[in-house]
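Asks: Chain by chain, the residues:
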Amino acid sequence: MIRLDERGKECPIPIIEAKKALENAPVGEICEVIVDNEIAVQNLKKMADHKGYSFGVQRKSAQEMIVRISVSGEGSQTVQVDSEDAVSYADCKVSMTEDGIRKGMIAVISSGTMGTGDEKLGKTLMKGFIYALTQQDIMPETVLLYNGGAFLSCQGSDSVQDLKTLEEKGVKILTCGTCLNYYELSEKLEVGTVTNLYEIAEKETAASIIIRP
Amino acid sequence: MIKQEPVVFCKGGGCTAKLGPSVLARVLDKLQKKRDPNLLIGYDSSDDAAVYRLTRDLAVVQTLDFFPPMVEDPYTFGQIAAANALSDIYAMGGDVKTALNIVCFPESMDMNILGAILQGGNEKVQEAGGTLAGGHSINDESIKYGLSVFGTIHPDHILANNTCHVGDALLLTKPLGVGIVCTAQHVGGASAQAVDSAIQSMSMINKYASEIVRKYRTHACTDVTGFGFLVHLCEMMDERFTAVIDKDKIPYIQECKDYAEEFYLTAAAQRNRNHVGGKVQFVDTSFAMEEILFDPQTSGGLLVSMDAEDAGKAFEELKTLGLSCNIVGTVEKGQEKKVIVR
Numbered sequence: 001m002i003r004l005d006e007r008g009k010e011c012p013i014p015i016i017e018a019k020k021a022l023e024n025a026p027v028g029e030i031c032e033v034i035v036d037n038e039i040a041v042q043n044l045k046k047m048a049d050h051k052g053y054s055f056g057v058q059r060k061s062a063q064e065m066i067v068r069i070s071v072s073g074e075g076s077q078t079v080q081v082d083s084e085d086a087v088s089y090a091d092c093k094v095s096m097t098e099d100g101i102r103k104g105m106i107a108v109i110s111s112g113t114m115g116t117g118d119e120k121l122g123k124t125l126m127k128g129f130i131y132a133l134t135q136q137d138i139m140p141e142t143v144l145l146y147n148g149g150a151f152l153s154c155q156g157s158d159s160v161q162d163l164k165t166l167e168e169k170g171v172k173i174l175t176c177g178t179c180l181n182y183y184e185l186s187e188k189l190e191v192g193t194v195t196n197l198y199e200i201a202e203k204e205t206a207a208s209i210i211i212r213p
Numbered sequence: 214m215i216k217q218e219p220v221v222f223c224k225g226g227g228c229t230a231k232l233g234p235s236v237l238a239r240v241l242d243k244l245q246k247k248r249d250p251n252l253l254i255g256y257d258s259s260d261d262a263a264v265y266r267l268t269r270d271l272a273v274v275q276t277l278d279f280f281p282p283m284v285e286d287p288y289t290f291g292q293i294a295a296a297n298a299l300s301d302i303y304a305m306g307g308d309v310k311t312a313l314n315i316v317c318f319p320e321s322m323d324m325n326i327l328g329a330i331l332q333g334g335n336e337k338v339q340e341a342g343g344t345l346a347g348g349h350s351i352n353d354e355s356i357k358y359g360l361s362v363f364g365t366i367h368p369d370h371i372l373a374n375n376t377c378h379v380g381d382a383l384l385l386t387k388p389l390g391v392g393i394v395c396t397a398q399h400v401g402g403a404s405a406q407a408v409d410s411a412i413q414s415m416s417m418i419n420k421y422a423s424e425i426v427r428k429y430r431t432h433a434c435t436d437v438t439g440f441g442f443l444v445h446l447c448e449m450m451d452e453r454f455t456a457v458i459d460k461d462k463i464p465y466i467q468e469c470k471d472y473a474e475e476f477y478l479t480a481a482a483q484r485n486r487n488h489v490g491g492k493v494q495f496v497d498t499s500f501a502m503e504e505i506l507f508d509p510q511t512s513g514g515l516l517v518s519m520d521a522e523d524a525g526k527a528f529e530e531l532k533t534l535g536l537s538c539n540i541v542g543t544v545e546k547g548q549e550k551k552v553i554v555r
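Going down the list, the protein sequences come from chains F and Z.
Under the numbering used here, the residue at position 64 of the first sequence is numbered 64, and the numbers go up by one with no gaps.
Under the numbering used here, the residue at position 330 of the second sequence is numbered 543, and the numbers go up by one with no gaps.
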């Protein structure tokens, strides 16, 4: 791991130094660059994208961003970096862990179907969506399942395997206990753990990004 | 030759030192605007000069521009800062009459340096046909220099920046990339030849280009400065038009392509990208060319929207000024994107 503290240095210095550090680095080498402004993060991302390096950023505060660039070329973690107005981002609880889980991002599934319209189509879409979730470079921290969504983590659902895959990748799968009781599914839960409305409310209020298929 | 103190002198200057357009727009939007029918161009359009009508056939143009050094030599810096400040008058189609110096300079530094800066500035004001009539100086820890310029114009002949016609040709009168070259020089990565090209371009006043384009059916005009070619172009397209730019026609300082590949990238260029990137569609455009199109320009050229029939003749005349310039695109009816680069 190469570490560069580029705080207090103006663009293009952080980018040039990171580029130099990575130039002769072997595949798998990681360069950690600490910068103090969002524009430097964006310029580093431009460099990483153009060079085919993978990129990740962790925002510690408004003046401290830790960028990780690695010479892998594959499985690049592309983190959304918005305009300069997004500096307040730093205050949100958005950060990446090493394995591609995005902290503060949760998926809420409250129905067995996706979208409104034909029910059969809705079920197909939901199955496809959960499978697609397993294929993402950036995954949510938690998947919350309640009401009709509770069926998805139980015996007879064709999403059980995909939810297990997510669980293996470090995503927490939580199903509402009240819902399991109501639908008489308590004995049939196949993946993840049981939760309650207290925890559901806590997760949703603390989340920085909620995904609702 | 005077003694130089280059370390203190030049620190990421020129138009790269400008505040970002997004930040600025937020602040300016909050200011209350007094209506005055004689204020023909003011701060509710995106122009950076004000035009005020005095009589039916006479209006005054008022502008101001100053910034920190972007080159090592103080005399050259003075020339460039002045050329840049004078340019706003020419972008409107006006003529320069008087100018006032704006100076921030550390008292502890060699006053010969200040002398060289002011000499460079004065020469450009004179070349523009104007008179340097005073100024104001502040003891400040970092150097900044520029001018407040006063000019005149006929109220019916003002070139606004957003009055294009569909079918117009777009001309650019100077090469892009001076921001990238200055940045490369700042980190020791620019060739002497590239720096010379940039200085030659930055120190040329836009008077000559302005006089040429005024002879033709020019519908809109602006000068390309810190917001880069694409932000200025987006302002020019307003809500009504879309510019289609031919990327192979863009004049730029040749070495810039390599410098962009070396990631000599400024914060200002990225701010420009953040500001209008969503309004621009790039088709098969290289990374380096994108950077060149977002590059902040110090004392950049005029961007002119002109009747397509006249553009060829105007281009032939502009070429005689000795800088690379070109017909870079056309104005079309407004589409989803404001600019298409292909």
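Simulated from the structure, these hints should not be mistaken for laboratory data.
Treat the hints with caution; some may be incorrect.
So these bits of chain F aren't anywhere near chain Z, every CB distance computed over 12 angstroms [claimed, not checked]: (1) K19; (2) E38; (3) K60; (4) E64; (5) M114; (6) A132; (7) E184; (8) V194; (9) N196; (10) S208.
In silico BS3-like cross-links for lysine-lysine, where the CA-CA straight-line distance does not exceed 27 angstroms [what the hints assert, rightly or not]: (11) K51/F to K420/Z; (12) K9/F to K357/Z; (13) K51/F to K492/Z.
Label-pair distances were calculated between CB atoms; the ranges are [stated by the list, open to error]: (14) T344/Z to R3/F: 42 to 50 angstroms; (15) N24/F to Q245/Z: 39 to 47 angstroms; (16) I209/F to D242/Z: 23 to 31 angstroms; (17) N251/Z to G117/F: 56 to 64 angstroms.
Quick caveat, the model's predicted, so the values are computed rather than measured.
We treat Cβ as the ideally placed atom computed from N, Cα and C, and that holds for glycine.
Asks: All the hints need checking, so say for each whether the structure fits it.
Replies: Right, here's what the structure says about each hint:
1. For K19/F, the requirement that its beta carbon stay farther than 12 angstroms from each beta carbon of chain Z is not met, with the minimum near 5 angstroms.
2. Not every beta carbon of chain Z lies more than 12 angstroms from that of E38/F, the smallest distance being close to 9 angstroms; the non-interface claim is violated.
3. Separation of K60/F from chain Z is adequate, the least Cβ-Cβ distance of about 20 angstroms exceeding the 12 angstroms criterion.
4. Non-interface call for E64/F relative to chain Z: holds, since the shortest CB-CB distance, roughly 17 angstroms, exceeds 12 angstroms.
5. The beta carbon of M114/F sits about 28 angstroms from the closest Cβ of chain Z, which is more than 12 angstroms, so the claim that it is off the interface holds.
6. A cut-off of 12 angstroms between C-beta atoms confirms that A132/F is not in contact with chain Z; the least separation is 26 angstroms.
7. Taking the minimum C-beta to C-beta distance to chain Z, about 50 angstroms, the non-interface status of E184/F holds against the 12 angstroms cut.
8. With a closest Cβ-Cβ approach of about 44 angstroms to chain Z, V194/F is found to remain outside the 12 angstroms limit, as its non-interface label requires.
9. Every CB of chain Z lies more than 12 angstroms from the CB of N196/F, the least distance being 42 angstroms, so the non-interface label holds.
10. With a least beta-carbon separation of about 21 angstroms from chain Z, S208/F lies farther than 12 angstroms from that chain, consistent with its non-interface assignment.
11. Of the supplied pair hints, the one linking K51/F and K420/Z is violated, its CA atoms being roughly 42 angstroms apart against a limit of 27 angstroms.
12. Restraint check for K9/F and K357/Z: the C-alpha separation of about 21 angstroms stays at or below 27 angstroms, so the hint holds.
13. Under the criterion of a C-alpha separation no larger than 27 angstroms, the hint pairing K51/F with K492/Z is consistent with the structure, at around 25 angstroms.
14. A beta carbon spacing of about 57 angstroms between T344/Z and R3/F contradicts the range 42 to 50 angstroms that was offered as a hint.
15. Judged by the Cβ atoms, the range 39 to 47 angstroms given for N24/F and Q245/Z is violated: they are separated by roughly 58 angstroms.
16. Our hint of 23 to 31 angstroms for I209/F and D242/Z holds, since their Cβ atoms are close to 29 angstroms apart.
17. Checked against the given bound of 56 to 64 angstroms, the beta carbons of N251/Z and G117/F, roughly 60 angstroms apart, stay inside it.
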